[in-house]
Amino acid sequence: MLPKSKAASLRDRNIALTKKDIRESVTPDQMIIQALYSYDELTKIAHNLAGRIRGWFSLTNPELEHRISDNRAFVEQVLEKETKSAMGARFSDPDMKQLKELAKSCLSIFQEQEKLIIYIDTLMKRHMPNVFVLVGGKLGARLLSMAGSSKKLARMPASTIQLLGAEKALFRHLINKKVKPPKHGVLHEHPLVQKADRNRRGKIARTLADKLAIAAKVDYFGGKFMGDKLLKMIR
Amino acid sequence: MKQKKFDGIFENGNRLYTKNLVRGSVYGERLFKEGKHEYREWDPKRSKLSAAIMKGASQIGLREHHVVLYLGASTGTTPSHISDIVGNRGFVFALDFAPRMVRKLVFLCEQRKNMAPLLANASEPDTYQDRITMVDYVYQDIAQRDQLRIFLLNCSRFLEKGGFAALCVKARSVDVARRPKDIFLETRKELEKHLTIIDYRELDPFEKDHCIFICKKTRDLHL
Ligand SMILES: C[S@@+](CC[C@H](N)C(=O)[O-])C[C@H]1O[C@@H](n2cnc3c(N)ncnc32)[C@H](O)[C@@H]1O
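The listed protein sequences derive, respectively, from chains A and B.
Per the working numbering, the first sequence runs over residues 5 to 239.
Per the working numbering, the second sequence runs over residues 13 to 235.
Since the hints were derived computationally from the structure, they do not count as laboratory data.
None of these values were measured; they are calculated from a predicted model.
By construction, the Cβ of each residue, glycine as well, lies at the ideal position given by its N, Cα and C atoms.
Check before you lean on any hint, since a few could be wrong.
Distance condition first, Cα-Cα at most 30 Å in a straight line; then the derived DSBU-like pairs of lysine-lysine [what the hints assert, rightly or not]:
| no. | chain 1 | residue 1 | chain 2 | residue 2 |
| --- | --- | --- | --- | --- |
| 1 | A | Lys155 | B | Lys125 |
| 2 | A | Lys184 | A | Lys172 |
| 3 | B | Lys16 | A | Lys8 |
| 4 | B | Lys31 | A | Lys8 |
| 5 | B | Lys193 | B | Lys14 |
| 6 | B | Lys116 | A | Lys8 |
| 7 | B | Lys31 | B | Lys205 |
| 8 | B | Lys173 | B | Lys228 |
| 9 | B | Lys125 | A | Lys23 |
| 10 | A | Lys142 | A | Lys155 |
| 11 | B | Lys48 | A | Lys23 |
| 12 | A | Lys182 | A | Lys155 |
| 13 | B | Lys229 | B | Lys57 |
| 14 | B | Lys220 | A | Lys8 |
| 15 | B | Lys228 | A | Lys8 |
| 16 | B | Lys173 | A | Lys10 |
| 17 | A | Lys207 | A | Lys24 |
Quick look at which bits of chain B chain A covers, simulated, 3 or more residues with Cβ under 8 Å [unchecked claim]:
| no. | segment |
| --- | --- |
| 18 | 56–63 |
| 19 | 94–106 |
| 20 | 122–130 |
Assemble the whole structure, with the sequences as input and the hints as a guide.
Right, dumping it as structure tokens:
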């Protein structure tokens, strides 16, 4: 049992202190991760919306819809002047107007994604400059989000970083040794890994992960910038 | 509504309830009104202490007026029921180390006069010792590998001699590969070196591979 006045003051003080603690617990990591997840969210929305616009638009111009496979280019085309179609039905002005409204929304989602990428790059350059130089903003942010925080990323051995994003494949290998172990996770997105011959990709991912492990440590513990040197060593 | 043999805990049909200290539902649980009083349903699938009672625990050690240190309070599901049980002359220090959880906990504490939030790591008592008092009851549910060490550390520092403590153990967070029974047994042996175990329940089918130890601090701990 606590005396009433003691309880009240303990509670007030702890509520105030905890609010401050929560306020101060927000980190740049979280801003980067939220931005990346927002980008992912927009990717899904843009994909679905563009698909819907394709479905609708192909009633009036299936040829054009069929010709342009890139979603963004397609949506931009919908907003252009109409072209002739042999199979398409003629849309009235209100029909077309409505469809274009939708295309505009979709285009603005693509534009929002560009802005998010610039925002993520800026934050990554500032908070994780070494990782940024090695893998760029988006992939760096992806690794950060998979690790959970820059602290956790800084403590990861290279072998773990190499396989971030390949957890499912790794698990399949662990329960059945006949399944080959994965060679890389999200690092396969990196241009150096992409460009490499199939049989060399694992090796390159490994080298990249080695340097990333160093870069993440330097970024987290605040060492001197050395990303350019690390990058040279990979090339 | 029938009073169970435990302070502040009631039974109606097959369901458990606590008498609501503040009107309204906290996390979507059902309310039951009788006379002037409002009761909140206490679902054993959402709360391990409720599950322990459902599994026939003979005692849980928790009394009205108790001051409680709750480690791993999350968003306050079980802490809110403990707040009901200890009542307005008792108190609950609700601690968790995840800001996302503690945010909700703050809102709950603003509603309840007998609760205070803490954003801290239970394995670092130095960081919160100035913010709490000695307590009559320690409740821990943190699903961590070194949960036993953390539990003993807190009981040693903050639990009054003669006080009670409840430890929830999740076998999978200690070791995924070993049999839960073995982990529970090992935990018991280690616990018994420091505290007196007065009840033990395995919580299936409400929680798979979980158990709870109810302990009493009968002597000082030497860690
Ligand atoms: C299983 S949940 C607790 C659920 C809660 N006891 C209930 O019944 O409503 C475990 C919680 O412990 C917290 N936790 C884990 N390790 C911790 C630590 N070392 N210190 C403080 N909180 C911790 C987690 O953030 C999580 O919210």
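### Query
Which of the listed hints are broken here?
Those not satisfied are hints 1, 5, 7, 11, 12, 14, 17, 18.
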